[in-house]
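Residue numbers (the working numbering): 1316 to 1496.
Hints are supplied without guarantee of correctness; some may be wrong.
[Claimed, not checked] Straight line, CA to CA, 20 Å or less: simulated PhoX-like cross-link-like pairs of lysine-lysine:
(1) 1436 x 1364
(2) 1382 x 1425
(3) 1430 x 1382
(4) 1430 x 1364
[Claimed, not checked] Just the calculated beta-carbon pair ranges, DEER-fashion:
(5) 1464 x 1417: 30 to 36 Å
(6) 1399 x 1440: 27 to 33 Å
(7) 1483 x 1404: 19 to 25 Å
(8) 1408 x 1437: 26 to 32 Å
(9) 1490 x 1332: 26 to 32 Å
(10) 1399 x 1358: 20 to 26 Å
(11) 1483 x 1400: 47 to 53 Å
(12) 1460 x 1324: 33 to 39 Å
(13) 1424 x 1353: 16 to 22 Å
(14) 1343 x 1426: 40 to 46 Å
(15) 1338 x 1401: 19 to 25 Å
(16) 1436 x 1487: 26 to 32 Å
(17) 1433 x 1372: 39 to 45 Å
In short, the hints are calculated from the structure, not lab data.
Since we're looking at a predicted model, the values are computed, not measured.
Idealized CB from N, CA, C, for every residue including glycine.
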Amino acid sequence: MNIPNIITLARIILVPVIVWAIASNQMEIAFAVFVIAGISDAVDGFLAKRFNMASELGALLDPLADKALLVSIYVSLGIWGAVPRWIVILVVSRDIMIVAAVIVSWLFDKPVQMKPSMVSKLNTVAQVAFAALVLGSLGFGFEPTPYDLILMGFVTVFTLVSVSLYLVEWVRHMSTIEAPR
């Protein structure tokens, strides 16, 4: 256990706080905690790389924390009616498909290395920016249009492209499995 991993665990602990804040209509708090979570993500990544503190645990926890945070926010905002449900379904379905593909590859004793592509990183940036814009607009009472529509477009395109690229790579990887004789 090192400092970046502790920061990542703290980010995971912030997830229910953000969900509570959204469910309680405390959008200023939700926005502030989301910003803190985002800063902590940057800090733990910086520390891990700069001071050679990267670990296997961190490599597993960091994307888990990111997924837990974004999926929870999107689902909460979708239930609250602040974002269209179709975008919630798109974002959550992508993550479910990727996790399912990793699990299936493990079950076939053929683990797949899922390295984030540039499109996947852009997808995360778009998802974070859209969530921040929605939370900020709800918390501070400003109209997010047209930026919300632009960011929704980016989230849609990057989500579809990234899941397609992941699935193509996964199918290519899994196609080397030999059938039992």
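- Task: Taking the numbered hints from earlier one at a time, note which ones the structure violates and give those numbers from smallest to largest.
- Result: Hints 2, 6, 8, 9, 10, 11, 13, 16 and 17 not satisfied by this model.
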